[in-house]
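Residue numbers (the numbering used here), protein chains in the order written: chain L, 88 to 220; chain X, 2 to 299; chain B, 4 to 137.
Keep in mind that a hint or two might mislead.
[Unchecked claim] In silico BS3-like links for lysine-lysine, alpha-carbon gap of 27 angstroms or less:
#	chain 1	residue 1	chain 2	residue 2
1	X	Lys97	X	Lys40
2	X	Lys259	X	Lys273
3	X	Lys128	L	Lys157
4	X	Lys282	X	Lys259
5	L	Lys91	L	Lys169
6	X	Lys219	L	Lys91
7	X	Lys73	L	Lys118
8	X	Lys128	L	Lys91
9	X	Lys109	X	Lys73
10	X	Lys219	L	Lys196
11	L	Lys157	X	Lys73
12	X	Lys109	X	Lys97
13	X	Lys161	X	Lys11
14	X	Lys73	L	Lys220
15	X	Lys219	L	Lys118
16	L	Lys169	L	Lys118
17	L	Lys220	X	Lys219
18	L	Lys169	L	Lys220
The set of hints was computed from the structure by calculation and includes no laboratory data.
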Amino acid sequence: MPPKCETHPIRTSEDVVRVRQVARAWATELKLSLVEQTKLVTATSELARNTLEHGGGGEMTIEFVENGIKRGVKLTFTDHGKGIADINLALRDGYTTGSGMGLGLSGSKRLVSEFDIKSEPGHGTTVSIVRWK
Amino acid sequence: MSSFHEVVQKQESVILSGWLSEVATTTRRADLMSDSQFKQQATELLRLFTEASQTSGHVSSEAFSGARDFLKDLARSRMNDGYTAAETAMFVLSLKQPVANALRDAYKNDPARLVDEIWTAGTVLDKLAMLTVDAAIEFREQVITRQQEEMLELSTPVVKLWDGILALPLIGTLDSARTQVVMESLLSTIVETNSRVAIIDITGVPTVDTLVAQHLIKTITAARLMGADCYLSGIRPAIAQTIVHLGIDLADITTKAKLSDAFALALTRLGKTVVSLKSIKTGRQEKAVDNFAQTKDT
Amino acid sequence: MDRIPILKVGDCLLVTIQVDMHDRLAMTLQEDLTNQIARHASKGVLIDISSLEIVDSFIGRMLANIASMSRVLDAQTVLTGMQPAVAITLVELGMTLPGIRTALNVERGLELLREHIEQQQGSVDLDEDDAAEV
C-alpha cells in the first residue's frame, strides 16, 4: 500500500524533475488515463517551477484523497517567497512577471479537476490541485 | 471489551442452522443458488466473523480484512448471479436474530449486559451488511461504465480513406465526454496509421454549441502540433449560422461543405491526383510509338 | 547525461530529446544548437520529441525560442513526433506553438526540410548515411 502522504523539497531544478516523476508514479497508482496523467504531471511541472523560481524554493506534498466513492490525488505546493499581490491578475492567460508566456498558473488550472490558490504578499504562496479519477 | 464473540464461537453450529432457517423464509432465492453453495458461504462468513471479533470490534480494522474481502467477492458474485443488493445485504443482516438468540441464552441473568452485547454484535453485522451494499453498487457502476465505453467506441469510428488520409464521420449529438474520447481516438489513430490528413465530418451532427466547437478546435490544433492537417467538412448552413452567431472563430481551420471536397483537397495536399484509366492507357500507347522521345516527368 | 547530442546530417542538424530535461539541460541545448547552426551554416534543424512524455510551458518556450533563433540564422526548424497526450495537454495549456512547422516523424520532417532548402537554394545536401555528431 502506498504511503498516505509524502512531502518533497523543491530547491533545485533537479527537484522539479523529481517531483514530476513522483506525480507520474502516483497518477499511475490511481490508474488515471494517459491523457489525465500527462495533464497532471504537466501541471505539477508548472507549479513546481513557479515554487522554485517565484517563491524562492519550497515543497510539494502529495496524497490520495476520497470524496464518497470518488478517489483522487491531491498535490500542494508551498513556498515562503514574496507572495502574489493580485491573484486574479496572475491567473489571467498571458500574464507574466518575467520573460516568457506566463501560462503556468492559468494553464495549470485547466489541467486539473480542482485548483486552489492562497497567497499573501510577504508571506508566500500555497497552491493545491486535485485530479479525481 | 465485548465478549459476544465467545458466545458466538461456542454456539457456532447452532447459530449457523438458525441463520440458514431464518434466511430460508426470506431471501434464500433457491432458484439462483444451490443449497450446498449457500451453506458453504454462510459457514465461511460466520467463521470469519467469529475469528475477527476475537481481536476487534471495528469492521475497518486489520482483523476484519479477511471478512471484508470475502464480503466484497460475495456481493459481486451474488450480483452476477442475479440477486438484488437488498437480498445480499439481508443475507448478512439475518445473522443478527440467531446471534441475539444465543446471547439471550448466555446472558439471561444479566439484562444490562445482554443489551450491550446484542447492540455491539448487531452494529458489527450492520456495518458488514453496508459493505455488501457498497460492493454491489460498485459492481453495477462498473458494468454501466463498461457499456458506456463500448457504446462510445462503436459510435466514433475512424476510417482510412486512403494512404495517409483519415476520416472521422461524427453522428449524433456531441457531448463533452464523447468529444474527448473522439479526440483521443483520432489522434492516436493518426500516429498509428502515419496519416498526414484527417477529415472530421459533421454532416450527421444536428447542432453544434460553443463547447463542442471549442473541443473540435482543440482537436484540430492538437493534430497540427503532431504534424497532421485537419479539415472540417459537412457543415450544414444551419450550423454555419450558429457558428457565426456564437462568434466562434474558425480562423485558420480549413472547412469544406462536403466530405468529397475535403477528400480532394487532402489528395492534393499529399501530392496525389486521380486520373482516369483511359488517359493512362492512351499515354502508354503514345510512348510505345515514340520510342526515342524523352520521358516526361509526371 | 549532461548534454543532448546534436547530429549533423548534411545541411541540417538533428536533435532527439529523450530525457526528462531539467531546466539547465534545456538552456544548454538551446545554446548548443544556436552555436552549431551558426558554425555549420545549417539550413535546417529537426527536433524529434517522440520520446518526450511531458512538454510543459518552459520546454514549449525553449522550442519556440530555438525556432525563432534559427529563423534569424536563416535555418528552418521542424518539430517531429509529438505524442497525442502531449499535444492535447499543450493545447489545454494554451500553448499552440504558432510558427513552428511540425511533422509526424523524422522521415517526414527531413522531407519537409529537404523541400524547403531546395526551394531556397536550388540544391540540398541531405544524405542521411553521412550523419555525424557535432
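To see whether the hints hold, each was checked on the structure:
Pair hint X/Lys97 plus X/Lys40 holds up; C-alpha atoms about 17 angstroms apart against a cutoff of 27 angstroms. A C-alpha spacing of about 19 angstroms is found between X/Lys259 and X/Lys273, which places the hinted pair at or below 27 angstroms, so the restraint holds. A hinted pair counts as satisfied when its Cα atoms are at most 27 angstroms apart, and X/Lys128 with L/Lys157 qualifies at roughly 20 angstroms. Between the alpha carbons of X/Lys282 and X/Lys259 the distance comes to roughly 31 angstroms, so the proposed pair goes past 27 angstroms and is violated.
A threshold of 27 angstroms between alpha carbons decides the hint, and for L/Lys91 with L/Lys169 the separation of about 31 angstroms lies outside it, so the pair is violated. Between X/Lys219 and L/Lys91, the direct Cα distance comes to roughly 36 angstroms. Violation of the 27 angstroms bound is thereby established for this hinted pair. Proposed proximity of X/Lys73 and L/Lys118 is supported: the alpha carbons are some 20 angstroms apart, at most 27 angstroms. About 24 angstroms separates the Cα atoms of X/Lys128 and L/Lys91, which keeps this hinted pair within 27 angstroms; it holds.
Taking the CA atoms of X/Lys109 and X/Lys73, the gap is about 35 angstroms. The hint is violated against a cut of 27 angstroms. Taking the CA atoms of X/Lys219 and L/Lys196, the gap is about 17 angstroms. The hint holds against a cut of 27 angstroms. With a C-alpha separation of about 18 angstroms, the suggested pair L/Lys157 and X/Lys73 falls inside the 27 angstroms cut-off, and the hint holds. The straight-line distance between the Cα atoms of X/Lys109 and X/Lys97 is roughly 17 angstroms, inside the 27 angstroms bound, and the hint therefore holds.
A distance of roughly 71 angstroms separates the Cα atoms of X/Lys161 and X/Lys11; the hinted pair therefore is violated under the 27 angstroms criterion. Between X/Lys73 and L/Lys220 the CA atoms are separated by roughly 21 angstroms; this keeps the pair inside 27 angstroms, and the hint holds. Under the criterion of a C-alpha separation no larger than 27 angstroms, the hint pairing X/Lys219 with L/Lys118 is consistent with the structure, at around 25 angstroms. Distance restraint check for L/Lys169 and L/Lys118: the Cα-Cα separation of roughly 37 angstroms exceeds the 27 angstroms cut-off, and the hinted pair is therefore not satisfied.
The hinted pair formed by L/Lys220 and X/Lys219 meets the criterion: a straight-line CA distance of about 22 angstroms does not exceed 27 angstroms. Our distance criterion of 27 angstroms between C-alpha atoms is broken by L/Lys169 and L/Lys220, whose separation comes to about 34 angstroms.
The structure does not agree with the numbered hints 4, 5, 6, 9, 13, 16 and 18 stated previously, though it agrees with the rest.
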